[in-house]
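Chemist: Okay, here's what each chain looks like letter by letter:
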Amino acid sequence: MAERYEIRFSGAGGQGLITAGIILAEAASIIEGRHAVQSQSYGPEARGGASKSEVIIGEDPIDYPKATIVDACLAMTQEAADKYAVGIKPGGLLLVDTDFVKNPPKGDYTIYDIPIMRTAKLEVGREIVANVIALGAMIALTDVVKRESGLQAVLAKVPEAFIELNKKAYNLGFEKVKELMAG
Amino acid sequence: MKRTLLTGNGAAAWGARLAGVEYLPAFPITPQTEIIETIARWIDFGEMDCRMVTLDSEHSMITAAGAAAVTGVRVFTATSSQGLLYGMEMLYTVAGWRAPFVLVNVSRGLASPITLEPDHNDILAARDSGFLQLHCATCQEVLDCILLAYRLAEDERVRLPVIVNLDGFYLSFTREPVEIPDAESVARFLPPFDPENLGFRAGAPLSEAVAVIGGTPYSYFRYQSHLAALNAVDVFAENAAAFAQAFGRTYQAVEAYHCDDAELVFVMMGSFATKAKEAVDRLREAGEAVGLLRPVLLRPFPAADFRRALSGKKGVIVVDQNLSMGKGGVLHTELASALYGYPGTTPVLVSFIGGLGGRDISAEEFYEMHAVTRQAVSEKRAPAPRLLYTEVELREMKKIQAIARVQGLKEQQT
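First to last, the protein sequences are chains S and W. Per my numbering, residue 989 is the first one in the first sequence, and the count goes up by one each step. Per my numbering, residue 41 is the first one in the second sequence, and the count goes up by one each step.
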C-alpha cells in the first residue's frame, strides 16, 4: 500500500478548520504535485459542537479517501480533543490550544500546546485567522509539506487586502511550534 | 485542462457545466446538495448559460426534467436519498417517455431510523424504473460519468434517462484532485443534443390516441425500453473508448482490479470499493491471489462482463452496501442470476452486508471475508449471508439500549 500521512483538524464548527484542511490539501496536491484528499464531517454537528476536517497526503494515488487513524491531530476545543484524540496512531502527535483544552486526553502520542486563539486575538488582532495559525502550527509540527508551500496555498486563498494579516498568522503558528519543539 | 481539488458535489456541478446543460429544474431545499447551489451561482454570475427553475418537490422537479428533455433540450438535475424516493413515481413515468437527461443522486441511507451517512438502498429502489445507472468511486469519475451519461442517454439506440450515483460524504463532501477538461474537448466528445424526432410540443401533437392502453401495447412499449436499456451495454463501451481517446481516462462497465490471475474476487460498488482495493493490495502482499470487480454500470446489468471476468474463479465475495429485507444483498442476488446456468465453473458466491448507514468496513473485515470465502471454496458450500458487525459494536449497542432502558426487548437472532 502507498505510504500515507493523515492529519485531522478538529475544533468547533465555524472556526475555519475545514478551510485549513482544504488549504493543506492544496499545498500538497496542487503546489507540491503530490497526492492529497480532504474530507470533513458535516451534518447536524457542522455549526457549533465538535467538527473535523481530515487530510490524507501520499506519494501515490490515494484509493480510499477517508482518514482511518491519524498521524497527527489538532484540537482547538476540549470537546474536540475528547472526541477525536482517540483516533491517533501510537507514537503520533496531538496539538491543542493551551487555553481551550485544559485536560488533553492522555495516550500513546506526544502532546504539544500553543495558545492559538490568544495569538490570533492579541498578536494578530483578528480571531478569524486562528485557523491559519493552526495550519502553520500543524505544518511545523508534521513537516508534511514545505513551509513555503503552505504559505503559498494560504495566500492563494485570501483577497489582496488580507495577505499581510494571513502571512503573519501563518508564520506565528509555524514559529511557535518550532520554538516549542526546539525547547 | 486544469487540475484542482473538488468535492464530489463540485465535480458533479462541473460535469453539468461542461455538458452545456440548457435547463435545470431543481428542488432547492434539503436533501438537495451543493451541486445545485454551485450551478446556481455560475448562472447568476453569467458563467453558465442555463435556465434554472426551482420547483416545490422532487416529484415536480423530475416531471419538469422529463418534460423538457422530450422537447429536445439538454437537461440536468440532482437529488439525494429521501428526495429520490419522493420523486420515485415520476422516475418510472419519465423513463417511459424515453426522456434522455441526467440525474445525479447523492446516495444516503433511508429512514427509518434516520441517518445522514451513505448506503445504496435509495439508488437501488430506482433499479427497476427504466433509468440507467452509473456508480462512481472517485470525484474524477463523477465528472467523467456525467459526460458519459449524456452520450449514453441521448444515443438513438438508447434514449433513456441516466442516474449518476455518488456516495454521500465519502464523495459528496470529500475533496480529491480532479482534472477538469477544457470546454472545447468536451464539446467535441459531447456535441449539442440532437433530438431528431424528439420535438414534443403539446400544442402540435404528432398523433392523438387514448391515454390509457391495454396489455398488448403496454407490453410492447415496456419491452422496447428494456431492449433499449440492454443496448446501453455496447453503447457505453463505444463511448468509453471515445472518452479514453479524448481525455486519456479509461472506463469499463465493470472495473477489474488484479482479476486476471485471481482465485477469489471481491465484488463491490461505489466509493467503499476503494477500501477493497487497499485490502486486495495487502492480501496480495501476503501472497493471496485475490482481485476486485466494481460495476460502474449497474443498469443495464453488465452480466456478460461479469461472466467473462469470473469465469474459472473459485470464489466470489459480494459485499452489499444495501439490504433487501427478507432477501439480503441486491448485488449478490443480481450476480447469482447472471452466473447461474451458464457453462463453465460457477464460483462459490459468498454474501456479506456491510457499510449500512456509512458504517466503516475495516481492513481486518476484508481479511476475514477473504478467509471465510477461502474456507467456503474448500468446503464447496457457501455460508449464510452475514452482516459485518463486531462484538464491540454489539456491546456498544447494548450499552445504549441500557441507557435508553429498553433491556428485555425481544431481539431477532441470526
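By construction, these hints were calculated from the structure, which means they are not laboratory data. Just so you know, not all the hints are guaranteed correct.
Said to hold, decoys possible - Chain W is nowhere near these chain S residues, computed Cβ spacing over 12 Å in every case: (1) Lys-1054; (2) Tyr-1100; (3) Arg-1114; (4) Glu-1115.
To be verified - Simulated crosslink set (DSS-like; lysine-lysine; CA at most 27 Å straight-line): (5) Lys-439(W) to Lys-1071(S); (6) Lys-1094(S) to Lys-42(W); (7) Lys-42(W) to Lys-1054(S).
Yeah, the Cβ is synthetic: ideal placement off N, Cα and C, and Gly gets one too.
Chemist: Next, verify each hint and record whether it holds.
Modeler: Against the structure, the hints:
no.	hint	result
1	Lys-1054	6 Å, violated
2	Tyr-1100	27 Å, holds
3	Arg-1114	26 Å, holds
4	Glu-1115	25 Å, holds
5	Lys-439(W) to Lys-1071(S)	18 Å, holds
6	Lys-1094(S) to Lys-42(W)	44 Å, violated
7	Lys-42(W) to Lys-1054(S)	24 Å, holds
Hint compliance for this structure: hints 1 and 6 are not met, and every other hint is.
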